[in-house]
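Peer 1: Protein chains in written order, with the working numbering: chain G, 507 to 730; chain H, 3 to 270.
In short, the hints are calculated from the structure, not lab data.
Watch out, some of these pointers could steer you wrong.
Said to hold, decoys possible - Calculated cross-link-like contacts (lysine to aspartate or glutamate; reagent style DMTMM-like; alpha-carbon spacing at most 25 Å):
id, chain 1, residue 1, chain 2, residue 2
1, H, K43, G, D539
2, H, K213, G, E550
3, H, K213, G, D631
4, G, K581, H, E126
5, H, K213, G, D562
6, H, K40, G, D546
7, H, K76, G, E626
8, H, K105, G, E626
9, G, K646, G, E603
10, H, K76, G, D539
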Amino acid sequence: MRGYNKKMILSFAVFITIFILIRGIVVPPSFGDYGWYRGDSVGEFAAIEPVYATSDDCKTCHSDMYNEWIGGEHKTVNCETCKGPGGEHTKNPGAHEMEIDTSRDFCALCHNQNPSRPIEFPQKDVSAHNTGQLCIECHKPHDPHLAWKDFYKRTAHVSASEIFTSTCAKCHINMLQLDAFGSEEGAWKKQVNKMNEMFDLGLSNEQIYVVSSYITENITKGSK
Amino acid sequence: MKITRRNFIKLGAKLSIVGSTMGAVAGRVFAADIVKGKNAKGLPEGYDWNAHNYVMVIDSTKCIGCGRCVAACKEENQVPREPYYFRTWVERYIWLRGKEEPKVDSPNGGIDGFPVIYDETAVEKSYFVPKLCNQCGRPPCVQVCPVGASYQTNDGVVLIDDQWCIGCSYCVQACPYGARYHYPSHGEDVSRRNTIDKCTFCYHRLVKGLKPACVEACSVGARYLGDLKDPGDKIHEILKETRVNVLKPVEGTRPRVYYIGTDNKDVR
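Please put together the full structure from these sequences, using the hints given.
Peer 2: Written out as structure tokens, the structure reads:
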């Protein structure tokens with residue numbers, strides 16, 4: 507073998523050895539374990555602590571509120587969706603209080619009238635619906651159905667006007683045609699008389715409710 | 003030893019062809035066995051990543067655009083709170099009467115909801131489309147990573163090794179869905195600063211048997227995380243009974259987030 511051939515083979519051998527040595531130092535040991543990446547990274551991800559808990563975690567301490575919630579319309583809305591992350595709170599409840607936003611804007615985030623929302627989703631034009639009051643004054647967030655709707659379902663033998671006068675009549679008066687009837691008391695009496703007429707005609711409470719709602723929403727002015 | 007130049011070259015060519023073929027075959031045969039089938043170290047006790055294959059179903063007919071999923075994700079994953087840093091976001095598609103092309107908007111990712119811009123009477127059709135990393139079956143972001151920081155786990159989730167990522171953003175360019183972003187130098191999570199970040203399906207929650215933060219936050223059931231390898235999972239029923247779309251199927255990425263109720267000619 508000529509001198510220059512020997513030198514060439516030697517230089518190649520030296521460079522390859524240096525490369526392997528450097529690679530052995532620089533490349534992390536777990537690289538290539540499961541694929542072309544650093545295998546330890548998977549374990550690092552698994553070790554991250556979750557920030558959110560789950561509604562079942564809330565149940566351990568807040569069982570009565572949980573039971574109220576799970577039987578109502580908001581059962582698909584998890585506790586932390588409204589109150590923020592609960593991981594820290596479950597570990598140290600005193601030191602990390604949950605945030606409770608009771609403003610109208612917060613309820614409006616989901617429930618404001620929006621043409622892009624599915625039509626069957628409960629929505630209201632928040633700018634016109636009982637402004638000046640908090641939503642939670644009438645709609646309990648953990649069980650948001652209106653007492654009026656539930657009452658007529660459970661007490662079918664009671665006349666609609668009795669139900670109307672005995673539950674949240676003041677809020678409902680605002681929904682009536684205040685201008686046309688002249689006064690709150692006048693509007694209320696007219697509404698009650700109409701409902702009694704329907705009851706006498708033999709309409710069920712559910713039918714009376716449907717007719718009254720339709721008239722309020724579609725025929726009376728400024729009805730929201 | 004005496005060998006002509008011509009014969010030397012011929013010999014070299016034959017050896018390279020034989021050598022590379024054998025190498026390729028051996029690689030396909032042995033590497034596949036070595037890599038698949040092993041459980042990863044560092045996963046919680048009892049969790050075998052080979053026993054899961056996570057996909058997500060997003061039901062656009064249910065989404066109300068409240069943005070709680072976007073907010074929950076930012077809290078769970080320390081995503082910078084200011085606009086344009088999102089692991090997941092919600093878009094709104096509005097078709098106005100008389101117009102063929104939809105108007106698409108996503109004000110701050112939908113995190114504060116969507117203001118009503120068009121009156122009900124002007125809107126012909128409209129809905130919300132939440133988007134996130136599609137955890138593709140053939141992820142282009144994994145393919146282009148020059149250092150091997152972007153990878154896919156055996157349970158189908160594409161992750162980014164923040165200790166190894168150099169922040170070159172080649173993967174941000176490569177993703178056709180815009181799911182990846184550069185985690186800023188002022189971000190909350192120090193180890194992720196100046197690397198690339200994206201939705202991980204909350205992998206740190208999945209391995210503990212929890213659902214991702216966005217799925218937990220959704221009040222209307224628009225997001226569903228399923229496990230294809232679990233025979234009892236509702237995902238099989240969903241994929242059999244509903245017609246699903248994916249985003250940009252023509253790119254060949256084989257995305258694994260399925261959409262119900264989107265117009266795939268416009269929702270890309």
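Peer 1: Evaluate each hint against the coordinates.
Peer 2: Verification of the hints:
no., hint, in the structure
1, H:K43 x G:D539, "holds, 10 Å"
2, H:K213 x G:E550, "holds, 19 Å"
3, H:K213 x G:D631, "violated, 33 Å"
4, G:K581 x H:E126, "violated, 32 Å"
5, H:K213 x G:D562, "holds, 13 Å"
6, H:K40 x G:D546, "holds, 14 Å"
7, H:K76 x G:E626, "violated, 29 Å"
8, H:K105 x G:E626, "holds, 23 Å"
9, G:K646 x G:E603, "holds, 21 Å"
10, H:K76 x G:D539, "violated, 31 Å"
Hints 3, 4, 7, 10, counting from the list given before, are not met by this structure.
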